[in-house]
Amino acid sequence: MKLLSSQNSRARMAMLGFAVLGLLILLYRLNQPRGPSESLQPTALPPTNQTKLNASGPPSPAETNLLQHLKSKAGELKAIKGSEAGRQTLAELRRYVSSVPPESVATAIRNWLDTGEDAATQLEFKVGRDGSLKEAPSLRVFLLDYLTQIDPGAASSYAEKILGTMNSPDEWAISLRAYGLANPTPEGRAFLHLKLSEMIGNEAWRNDPSVGFLEAFDVIVYTRDGEMTPQLAQFVQQKENRAVAHAAYLALDRLIQAEPAETLGQLQARPEFMEGREGTRADFFARADVRDAKQRTILENYLLDPLRSTAELQKFAATYPNANYMVSYNLLTQTATPSGAELAARDREALRVVQEWLGDARFARLGQHLQTMKSRLQQFVKLPDQSPPP
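Just so you know, we're using our numbering here: the sequence shown kicks off at 1061 and counts up by one.
One should not assume that every hint holds.
Straight line, CA to CA, 25 Å or less: simulated DMTMM-like cross-link-like pairs of lysine to aspartate or glutamate [said to hold, decoys possible]: (1) K1442 to E1416; (2) K1442 to D1349; (3) K1133 to E1144; (4) K1354 to D1365; (5) K1194 to D1268; (6) K1221 to E1258.
Don't read these hints as lab results, they were simulated from the structure. If you're wondering where the values come from, they're calculated on a predicted model, not measured in any experiment.
Can you make the complete structure from the sequences, with help from the hints?
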């Protein structure tokens, strides 16, 4: 994960770049590594309505050959030692399936998944630029991801089946993505909310989170699910589970960027949500854009709250306006970063409002903090001094 910041708008934009969720993966690796066979025990599943197995006649020759090939590759994966061998085996499998008609591949994949058989690949759960996986930790996860790419409808249907059991958090993450892509409706988003709530409510998965589990927090950003704000804030407070706390922090920060008025309004109305993480709360509120009337009102209420500590106000003043961005590849969403012109316009209005606050008696006790904000903003905006007379 790369933190992007600057001292002026142009410098900020020059530093924008892309990075994967490396920190989450590192935290996961440092926290109770799991053996490859721990979550890969075969579990037979009943055939879906889409499978041809015992449903609509025998499989075609292409499907039969692919099923045999999958069985062979599963055997190879179970015998490999090291990630490079796993990477090579999956590359060979991808080349093979790409030569088979997609409809045959989709049917064969569903039939294979129905057997419950699996094999570890010795690879990470690694998301690529478009949300599909660059690497998959198991053969089943690889196939679920591939099915999403070639037949989104079939992948969504099979995702419902995966999400009806709780066998693998990584399979859930891919299934949530498949379902979300194929069902961009209010009903689809309600289903995602329900299933993600079940997922993060699974104590065993949460206490020993896989990378897929952590990546699934992106579903909250995708659905702009403000109902999850309290739970995200609760996770952010957890010091004993750093991986989940960081995933929740990223999701909440990006949710604030997507729905600032709603999310910040909740945090302002319920100060206990961020108890013990007041510095983080200051960073969140420093994202408020005073060009929007609702956000300005929420920000003013935040600053004028008599319970706001000096330490939190100092942190806010040193950050506002917060233009630091965590840029990553995500399962469902793209990380949006503002243009230089957008940042400049925001900074100009922020400076104007801060100078207005300096002349407002309500903000008298915040004078020192407002001066800090003013000095910081003047580094970004070249405007004549408009401070009120002493």
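K1442 paired with D1349 [C-alpha distance capped at 25 Å]: Satisfied, since the Cα-Cα distance of roughly 19 Å is no more than 25 Å.
Holds or violated: K1194 to D1268, with C-alpha atoms at most 25 Å apart: holds (23 Å)
Holds or violated: K1442 to E1416, with C-alpha atoms at most 25 Å apart: Satisfied, since the Cα-Cα distance of roughly 17 Å is no more than 25 Å.
Distance restraint between K1133 and E1144, which requires alpha-carbon spacing of 25 Å or less: Distance of about 15 Å is within 25 Å: holds.
Pair hint outcome, K1354 versus D1365 [Cα-Cα no greater than 25 Å]: holds (17 Å)
Agreement of K1221 and E1258 with the hint, judged by alpha carbon distance not exceeding 25 Å: holds (15 Å)
Figure legend: structure checked against the earlier numbered hints; every hint is met.
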